[in-house]
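**Student:** These are the residues of each chain, in order.
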Amino acid sequence: MSQRRVARWPDQVFFVIVILVAFLVIALAFAIVAILLYNSQQSFRVFGWAFLWSTTWDPNKQIYGALPFVVGTLLTSTIALLIALPLSLGSAIFITTVAPRWLRAPLGTAIELLAAIPSVIYGFWGIWVVHVYMDTTVDPALQKYLGWTGAFSGTYTGFGVLTASIILAVMIVPTISAISRDTLAAVPAAQKEAALSLGATNWEMTRVAMIPYSRLGIVGGIILGLGRAIGETMAVLMVIGSSDRLPTSLLGNGSTISTLIASELLSNNGPLQISAILECGLVLLLISLSVNVVARLLVWRITKSAGGAVA
Amino acid sequence: MKFDHFARRKLKSHVVTVLAGLTVVAVLYPLIDIIYTAFVHGGAVLFQLMFLTSRNPTPCSAISCATVGIAPDIEGTVAMVGIAALISVPIGVLAAIFASEYRTRGIGRVVSFTADVLSGVPSILMGAFIYGYLVLVNPSLIETAYTGGVALAAIMIPIVTRTTEEALRTVPNSTREAAIALGISKWKMTLRIVLTSALPGVVTGVLLGVMRAAGEAAPLIVTVGFSNLPINSVSTLNGPAGSLPVLIYLFAQSPYSNWLSLAWGAVLFLLIAVLIVNVLSRYMIHRLSAKMAGAG
Amino acid sequence: MPETKLRVEHLTAYYGGKPAISDISLDFPDRKVTAIIGPSGCGKSTLVRCLNRLHETGPFTNVEGQVLLDNEDIYQLDPVRIRRRIGMVFQKPNPFVTMSIYENVSAAMRFNGRHSREETDRAVTRSLQQSALWEEVKDRVDSPATSLSGGQQQRLCIARALAANPEVLLMDEPCSALDPIATAKIEELVRQLKENYTVIIVTHNMQQAARVADYTAFLYIGKLVEFGPTEQLFERPQDKLTESYITGRFG
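Protein chains in written order, with the working numbering: chain A, 4 to 314; chain B, -6 to 289; chain C, 2 to 252.
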């Protein structure tokens, strides 16, 4: 189409600039991996693969192991996902099938505002509102009624793994909800009318015609939410209690890889600790990248929310 | 048999409706609670006269203590986000132009995909990798505002790239074809015509990226640290700087009541800024897509 | 004239504030095929979508008037009940894309409590036989509905609608997306269906109406122009407009 136009030198220069910048962006991605990889070498030489399942993290003895933080990351993210899932799907279903048309956009916007609130503010709210409520009401109740499960033992302070998970859940709901909403809204009217014309109730239509059709998108949204939860730092840091040991109770303290990095990277315990911390960072990066890649492949271009505020 | 089940089915549908409504309430409750709490605790502090323009007060706990101000932190945030924007906006826009206007090359989709994936990288890792780089190359650069700005730039680049690309895509191909037909060179067409049409969307995206960067504490903690000193000249950027989010983090559990109040004021300030920009940009995008739909 | 199954009285339906059909009054005879013909945009689809209360599910819609099924106004009853008794087949076949043939046909049954596997099997077989699809798919009822051709998918949709045990079957231009052979099969089907169901078929093809329908209604710009036995409407039309349409002078 444009072959007949002679490429003048400004066009060529522009093209070179633009393609160089594009490669820069790709290089950024590789740089992140490369630098973390390079910095992990020292730790890997000392601890080997056992680093990944070792539970000791002792800066005094210069022995480091990643497991407490990996477990912390996965535990808080999973619990957050379990809490967020029904809330996100429920609100997505409400907005797309129940709410009157004029209410849909405002509700959607309101939910997405939750995604715009900075993590520190969630952490602040976590300290001054959620933790108090957990300490006075939720934790004692859990210990009393569900203590037999063994998951809620020990002293509780209102801070800890569960509190962090709950705040994470609030933070990832907008992500999952928005993608589910977009997917559900994209179900063709013909499918919905097919269900209605058979005498389906509203819920039956949703269950039979809309949700199966939107499976892939919803799952993609869930995975994207998981990805967000895995990487969250500040809100978790401010309420999880920061312990270097494997968590023994949901009401007790814990740590995630991101909180480890934020709290200990600048402490002066020698290069081995820094290497160990960055090796944990590499683990986080790999987990996060895989999760995000899988999610993007499922949801490629279904998200069209304003300015990417959702993810 | 048909009529036996009918009532039960309708009941189920109603129950689901109610449950779904409850989930909406549950989801929106934190939003309202956060805003409410911020106003209750931070309102009196924020609306003091010199709050935004005074330096951090010395810590103290008496009732008569000064609870102004957060000027150095605002200056720090503005400086670092400014540096980040200076770096990330050209890079992001140019990369998006590549992905969108030079799409015939497969690399364009790779850039798109990379930007998407990068936007999912935890912000703490952006700070950590810059730290890791500097630790090897030039440790003295750690704990300077420049480094903080670079870390924020790393976070902003994927956002700007993605939103710019989306904005460029909304420009109809007929615009480009008309320009080519008039013999306008590609670089002029892209910058003067296509980019200009997409400008509102691009600006909105940049604004949202800026707000996101302004609220980030994690990468700053590991690259800049914190400081009480005001930023009065460019040379100050060579040292640690305060910032709103890090202030909030550090003072969140302060034993000094006036520092805690300061943090509440900062929380409210940041919250209002973020929410207003967000709502406004949504509104703008809404108006924009309505206009495009009308014109297209 | 035979008994009336469905009576429309002074029906007006709005779309975006403007009436798509105005003041239509019509009696659909029981267990006969009634065709609704007219030029594009005359409101045929809207009329039929009012008969199973699907029209009101769209945005900015409104309905005035009455539609009586066996002398009960369907607008006073629960729409979910009505749609069970008045089924619909759409212009473009719309089987549930994530389901198999079997699941599609049995969909309506799944809304209505638990049935044993044998019961469901029987119902599915019967419906597929009624829609003349059984022979072609009996070996692969578990394969995806989307693996069928267009004509087969439409017969699947008919089977699905029939499996709900309706009294009336609405067909909104069911053959317009199909090739002539598939169309012929469906027309044959319609002729058989009237033994058990009241069929109302919208068509833009006058020859089709002449072939399958016992009665025909002619709509023009949202109003009912003429209604009567098909033969009479086509050979001795009473209204000048009808005559013009039939002789091809417009539309």
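A hint or two may mislead.
Straight-line Cα separation of at most 30 Å, DSSO-like style, residue types lysine-lysine; simulated pairs [claimed, not checked]:
#, chain 1, residue 1, chain 2, residue 2
1, C, K19, C, K186
2, A, K195, C, K224
3, A, K195, C, K93
4, C, K241, A, K195
Away from chain A, derived, C-beta distances all over 10 Å, residues of chain B [said to hold, decoys possible]:
#, residue
5, P23
6, H34
7, T107
8, Y126
9, A283
Because the hints were derived from the structure by calculation, they are not lab data. Here a beta-carbon is modelled for each residue, glycine too, at the ideal position from N, C-alpha and C.
**Student:** Each hint needs a verdict: does it hold in this structure or not?
**Tutor:** Tested hints:
no. : hint               : verdict
1   : C:K19 with C:K186  : violated (38 Å)
2   : A:K195 with C:K224 : holds (29 Å)
3   : A:K195 with C:K93  : holds (13 Å)
4   : C:K241 with A:K195 : violated (41 Å)
5   : P23                : violated (5 Å)
6   : H34                : violated (8 Å)
7   : T107               : violated (5 Å)
8   : Y126               : violated (5 Å)
9   : A283               : holds (12 Å)
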